[in-house]
Amino acid sequence: MNSHEAEALDYFKKTAESMGHKFKFLFRNGLSEIPKYDAVFIRATTDPLYTAYVVSKTAWELGLKVIDDPQSIIICANKIHQYELFQRFNLPHIPTIFISKEELHHKKIEEIFESFGKPVVIKAPYTSFSKYVEKVACETSFREVAKKFFRRSDFLVVQKFMPSRFDWRVGVLNGEVLYVCKYMMPKGKWKHGVKRRGKPSFIWGRTVTLKRENAPEGLKETALKACSIIGKGLYGVDIKEINGQYLVVEVNDNPSIYRGQEDLRDMDIYEKIIRYLAE
Amino acid sequence: MLVVSNIDLRVNTPIISPLEFLKSSNKDYILNINNDYRYMKMGYYVSLHAETIGSKVIPSTENIIDAYRVPVLLVRASKAGVPTLPHLITDSVKQIMSEFRFPLVVFAVNPFSPNNFKIAHNRSALYRAVKSLSMNYKYAVCAQPLIGHIATYKAFFGKCDSNDDKVNEISKKVYETFKIPICKLHMQHANGEIYLCGLQHLTLEEISPSDISAISSHISAILGRGEFN
Chain A
1 MNSHEAEALD
11 YFKKTAESMG
21 HKFKFLFRNG
31 LSEIPKYDAV
41 FIRATTDPLY
51 TAYVVSKTAW
61 ELGLKVIDDP
71 QSIIICANKI
81 HQYELFQRFN
91 LPHIPTIFIS
101 KEELHHKKIE
111 EIFESFGKPV
121 VIKAPYTSFS
131 KYVEKVACET
141 SFREVAKKFF
151 RRSDFLVVQK
161 FMPSRFDWRV
171 GVLNGEVLYV
181 CKYMMPKGKW
191 KHGVKRRGKP
201 SFIWGRTVTL
211 KRENAPEGLK
221 ETALKACSII
231 GKGLYGVDIK
241 EINGQYLVVE
251 VNDNPSIYRG
261 QEDLRDMDIY
271 EKIIRYLAE
Chain D
1001 MLVVSNIDLR
1011 VNTPIISPLE
1021 FLKSSNKDYI
1031 LNINNDYRYM
1041 KMGYYVSLHA
1051 ETIGSKVIPS
1061 TENIIDAYRV
1071 PVLLVRASKA
1081 GVPTLPHLIT
1091 DSVKQIMSEF
1101 RFPLVVFAVN
1111 PFSPNNFKIA
1121 HNRSALYRAV
1131 KSLSMNYKYA
1141 VCAQPLIGHI
1151 ATYKAFFGKC
1161 DSNDDKVNEI
1171 SKKVYETFKI
1181 PICKLHMQHA
1191 NGEIYLCGLQ
1201 HLTLEEISPS
1211 DISAISSHIS
1221 AILGRGEFN
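Heads up: the sequence lines are chains A and D, in that order. Counted from 1, the first sequence has number 44 at position 44 by our numbering; the numbering is strictly sequential. So the mapping is simple: our numbering equals the position in the second sequence, first residue as 1, plus 1000.
Same shape as in the complex, but just chain A:
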């Protein structure tokens, strides 16, 4: 956990206490205490196969208020699920297709390059924090990356490559915009977070935050529409602005909230989240 994230968690605690609530941190060894609480706010990588989902589902079954709720985790943690919903509800998003293990052959790869051009982006359905997303420009790399991602999933996402200097990030809670920022790409890179060559660490681009009322209306409308397809929880919507059009990249549950970044222009986000949990 980086220091900005730890500071944000402390600030959540202070805010909750100033509002008259008790706020405790629970770790993996304290999960049996969940029934003692009224609400659970998960701040860990969520995936239906991780402990975070077990926590969410247990809390939900016990009737507790929970962010992230199990259904949001199920949809947001699997990009195939998410893009199927975007297609069904005609949400403007990056041109996307799905490919199965059985379809990994020359003809299909040729078809993909023909319709999307080169390079294309391959995403594992379980991608998070810019991991398991790779750009490929030839059949050999396509096969190499796809085989790696197929180890855990029988389907993958393939998308048109649409470079931009930044992705919009819109934080949404219960159908309301919480914060708006720009996640800048590091110099010469195409993703906000890029792994250092030969090292386990990442280089992250800058975060530029706007006051939510100063953000473009079309951007906020697109973000709210995307979230309405998923649920009523807390989400971080990534959006690309291409030729004046807003295209949804993805909706993330458990969005990052770092002190001095997402909260920089709208400090009330802590209070809004605590109030939602305590309702």
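Do not rely on the hints blindly, as some may be mistaken.
[To be verified] In the SDA-like style, the derived pairs of lysine to any residue whose C-alpha atoms are separated by at most 25 Å in a straight line are:
id: 1; chain 1: D; residue 1: K1023; chain 2: A; residue 2: Q87
id: 2; chain 1: A; residue 1: K101; chain 2: D; residue 2: I1207
id: 3; chain 1: A; residue 1: K225; chain 2: D; residue 2: S1055
id: 4; chain 1: A; residue 1: K131; chain 2: D; residue 2: Y1137
id: 5; chain 1: D; residue 1: K1138; chain 2: A; residue 2: H4
id: 6; chain 1: D; residue 1: K1056; chain 2: A; residue 2: F89
id: 7; chain 1: A; residue 1: K101; chain 2: D; residue 2: N1006
id: 8; chain 1: D; residue 1: K1179; chain 2: A; residue 2: K148
id: 9; chain 1: D; residue 1: K1118; chain 2: A; residue 2: N29
id: 10; chain 1: D; residue 1: K1138; chain 2: A; residue 2: L31
id: 11; chain 1: D; residue 1: K1027; chain 2: A; residue 2: F98
id: 12; chain 1: D; residue 1: K1138; chain 2: A; residue 2: K240
id: 13; chain 1: A; residue 1: K36; chain 2: D; residue 2: T1084
id: 14; chain 1: D; residue 1: K1159; chain 2: D; residue 2: K1173
id: 15; chain 1: D; residue 1: K1023; chain 2: A; residue 2: V145
id: 16; chain 1: A; residue 1: K232; chain 2: D; residue 2: E1062
id: 17; chain 1: D; residue 1: K1023; chain 2: A; residue 2: G117
id: 18; chain 1: D; residue 1: K1079; chain 2: D; residue 2: K1094
id: 19; chain 1: A; residue 1: K148; chain 2: D; residue 2: H1201
id: 20; chain 1: D; residue 1: K1056; chain 2: A; residue 2: L31
id: 21; chain 1: D; residue 1: K1023; chain 2: A; residue 2: K195
id: 22; chain 1: D; residue 1: K1027; chain 2: A; residue 2: K148
id: 23; chain 1: D; residue 1: K1179; chain 2: A; residue 2: L85
id: 24; chain 1: A; residue 1: K195; chain 2: A; residue 2: R152
id: 25; chain 1: A; residue 1: K211; chain 2: A; residue 2: M184
id: 26; chain 1: A; residue 1: K101; chain 2: D; residue 2: L1002
id: 27; chain 1: A; residue 1: K195; chain 2: A; residue 2: K225
id: 28; chain 1: A; residue 1: K101; chain 2: D; residue 2: L1204
id: 29; chain 1: A; residue 1: K225; chain 2: D; residue 2: E1051
id: 30; chain 1: D; residue 1: K1138; chain 2: A; residue 2: I34
id: 31; chain 1: D; residue 1: K1079; chain 2: A; residue 2: R28
Because the hints were derived from the structure by calculation, they are not lab data. Keep in mind the model is a prediction, meaning the values are calculated, not measured.
Given chain A, put chain D in place with the hints provided.
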């Protein structure tokens, strides 16, 4: 009702393959028959596609995810009246030992291990089990006391290959709760009682010709009755 299956069934109704179904967008009642419904496997994506095009499907994605996560399986099954034993989610051997006596059964709660389990009769076996199932303490495990012995049953539409009424009752309730047509159930037999402890997928090799006949008869009965519950 449309039957989507990766198993070569013997029923008098058209069956389509999972890949064929995933390319279609016709709304219907979908009966998804697969040996493996695990998250992100083909069986899961069939149910997911059915739901996103607005079809009713057995099993649902939510039930699939819950049934294959042992702690969630136990919480929901217990709520439905299935006998279960206490369980603990943790990555700490010390915490397990402070809560339960030996022997113990330990399941993985991580994205990489199938839902198999390890039994620990002593402290060093427990350390080995937790280290292995938690992938070197990176993920949690789910520990339960082992008060008898574990038996594994194949279950098709809630019917087990057992003559024990209690086993069949548990299998029936698990099916009514999660609607997983094909699976393996792990149960503990102790002091005349039986407790559910886990659910796992079947490999294609584990499904015998007589199992295929049994699955086919269940499907024919469902289609004959036209029921979907």
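We went through each hint and held it up to the structure:
1. As the CA atoms of K1023(D) and Q87(A) are separated by approximately 14 Å, the hinted pair is consistent with the 25 Å bound.
2. Taking the CA atoms of K101(A) and I1207(D), the gap is about 23 Å. The hint holds against a cut of 25 Å.
3. In summary, the hint linking K225(A) to S1055(D) is supported, as the alpha carbons are separated by about 23 Å, within the 25 Å threshold.
4. Proposed proximity of K131(A) and Y1137(D) is supported: the alpha carbons are some 22 Å apart, at most 25 Å.
5. Pair hint K1138(D) plus H4(A) holds up; C-alpha atoms about 23 Å apart against a cutoff of 25 Å.
6. A distance of roughly 18 Å separates the Cα atoms of K1056(D) and F89(A); the hinted pair therefore holds under the 25 Å criterion.
7. A hinted pair counts as satisfied when its Cα atoms are at most 25 Å apart, and K101(A) with N1006(D) qualifies at roughly 15 Å.
8. Our distance criterion of 25 Å between C-alpha atoms is broken by K1179(D) and K148(A), whose separation comes to about 32 Å.
9. Of the pairs offered as hints, the one joining K1118(D) and N29(A) holds, with about 20 Å between alpha carbons and a cut-off of 25 Å not exceeded.
10. A threshold of 25 Å between alpha carbons decides the hint, and for K1138(D) with L31(A) the separation of about 16 Å falls inside it, so the pair holds.
11. For the suggested pair K1027(D) and F98(A), the alpha carbons sit about 20 Å apart, so the restraint of at most 25 Å is met.
12. Distance hint between K1138(D) and K240(A) is unfulfilled; the C-alpha atoms sit about 35 Å from each other, more than 25 Å.
13. Of the supplied pair hints, the one linking K36(A) and T1084(D) holds, its CA atoms being roughly 21 Å apart against a limit of 25 Å.
14. The suggested pairing of K1159(D) with K1173(D) holds, with an alpha-carbon distance near 10 Å, which does not exceed 25 Å.
15. With a CA separation close to 24 Å, the supplied pair K1023(D) and V145(A) stays within the 25 Å bound.
16. Our distance criterion of 25 Å between C-alpha atoms is met by K232(A) and E1062(D), whose separation comes to about 17 Å.
17. Distance check on the hinted pair: K1023(D) and G117(A) sit about 23 Å apart at the alpha-carbon level, within 25 Å; holds.
18. Between K1079(D) and K1094(D) the alpha-carbon distance is near 29 Å, which puts this suggested pair outside the 25 Å criterion.
19. A hinted pair counts as satisfied when its Cα atoms are at most 25 Å apart, and K148(A) with H1201(D) qualifies at roughly 23 Å.
20. A threshold of 25 Å between alpha carbons decides the hint, and for K1056(D) with L31(A) the separation of about 34 Å lies outside it, so the pair is violated.
21. The straight-line distance between the Cα atoms of K1023(D) and K195(A) is roughly 35 Å, outside the 25 Å bound, and the hint therefore fails.
22. This hinted pair does not check out: K1027(D) and K148(A) have alpha carbons roughly 33 Å apart, beyond 25 Å.
23. For the suggested pair K1179(D) and L85(A), the alpha carbons sit about 24 Å apart, so the restraint of at most 25 Å is met.
24. Between K195(A) and R152(A), the direct Cα distance comes to roughly 21 Å. Compliance with the 25 Å bound is thereby established for this hinted pair.
25. Taking the CA atoms of K211(A) and M184(A), the gap is about 17 Å. The hint holds against a cut of 25 Å.
26. Proximity of K101(A) to L1002(D) is assessed by CA-CA distance (about 24 Å); at most 25 Å being required, the pair is judged to hold.
27. A threshold of 25 Å between alpha carbons decides the hint, and for K195(A) with K225(A) the separation of about 32 Å lies outside it, so the pair is violated.
28. In summary, the hint linking K101(A) to L1204(D) is supported, as the alpha carbons are separated by about 18 Å, within the 25 Å threshold.
29. Between K225(A) and E1051(D) the CA atoms are separated by roughly 20 Å; this keeps the pair inside 25 Å, and the hint holds.
30. Among the hinted pairs, K1138(D) with I34(A) is consistent with the structure: their alpha-carbon atoms are about 21 Å apart, no more than 25 Å.
31. For the hint linking K1079(D) to R28(A), the alpha-carbon distance of about 23 Å falls within 25 Å, and the restraint holds.
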